[in-house]
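Enquirer: Here's the letter readout for the chains.
Number of protein chains: 2
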Amino acid sequence: MNVDILRYLTELYELKDPVLNKMEKFGHENEFPIIDKYAGKFLFIITKILKPKLIVEIGSGFGYSGYFFCKGLTDGKIVLIDYQEKNINKAKEFFREGGLLEKAEFKVGDAVDIGENYKNIDILFLDLEKVRYLEAVKKLEKNLSKNGVIIADNVLWHGKILDKSDKKAEKLREFNKYMAEKYDSIIIPVGDGLLLAVKR
Amino acid sequence: MNVDILRYLTELYELKDPVLNKMEKFGHENEFPIIDKYAGKFLFIITKILKPKLIVEIGSGFGYSGYFFCKGLTDGKIVLIDYQEKNINKAKEFFREGGLLEKAEFKVGDAVDIGENYKNIDILFLDLEKVRYLEAVKKLEKNLSKNGVIIADNVLWHGKILDKSDKKAEKLREFNKYMAEKYDSIIIPVGDGLLLAVKR
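Chains as they are written, first to last, in my numbering: chain A, 1101 to 1300; chain B, 1101 to 1300.
Keep in mind the hints are simulated off the structure, nothing from the lab.
Since this is a predicted model, take the numbers as computed values, not measurements.
Some chain B residues judged to face chain A by a derived CB distance under 7 Å, without partners named:
id, residue
1, Asp1104
2, Phe1142
3, Ile1145
4, Ile1149
5, Ala1280
We put the CB at the ideal spot given by N, CA and C, even for glycine.
Bound-form chain A, shown alone (with noise of 0.2 Å):
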């Protein structure tokens, strides 16, 4: 796709929100990797149609693909989980701020253990160590609402993917494969590649 049509569909569909930008801010002076902007008007536009009661996101960071999440719910909640407490501090005051506190819920600690704790999990999101990602999905599987769907952020690892020599890459393939094997899925080209699983 060229500049010019990216930059259309950016402009057109941009979810405007000045805490978004406050976060792209902050992100990009930290050095903070954050999931593209498109991709998180993705992640808003299936909270919208899906309509889930409770989403779970393994790998918070400082909230801002919670963010989108957030503001895609009709009335549900969201769980934030991340294992430094900095960042879930940070995430509180940008969801303060976008008046999103009381759809929310903040946690620290390993989000993996922490997710097993809430059962039925309507989307649940990940984006913790690319290398835990098959690890995660096969601990909280079993967690899922009936319907419930598996949205994973990076699965095409900045074009990597396919690097035999790269060993996060090797991981995603094999989570890739499973997700392919085990459930009905589809990655989304939307900026590093959002998996969009459910079960069959």
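Please arrange chain B on chain A, whose structure you already have, making use of the hints.
Expert: Just chain B now, kept in the frame of chain A:
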């Protein structure tokens, strides 16, 4: 995205069905434009996720995109509408071969006019003449169910969406603008661009 990654995605996530292969061959031999195979997989996934009761296709051709929707249905039905009887007859033939006839209804005539007879549409799929997209959505949006979504194909118009001299591109830009303003929408960059929109 490079060609190797595209092949990786397509092969990993292909919906395997010999009838789909036949339909692709038929489309190719008859120079009948059909939806991109990867975009078709997206239609299947979104149907699996949303579990719609009623899908209405405005401009079905010989049923290639409809087949993906129908394969994704849990207990709903799809209505295929095309103005050419020979297209609809061919669609019936393929659906029969795939064992999908029971979930499908087939109509011949002006797809917008016929579409107006259906209420509570959970997924409205637009794939008619591109100059009529805006007319179609304005006439049919009142027939969407409460959580209904609209999906439209070719909204990037084969990369010519920004071409100021292309009359169809101009009409599609008007449509995209309408969808961005009135709905929560995004264009999924698969195939020729799939618009996915939900009521605000």
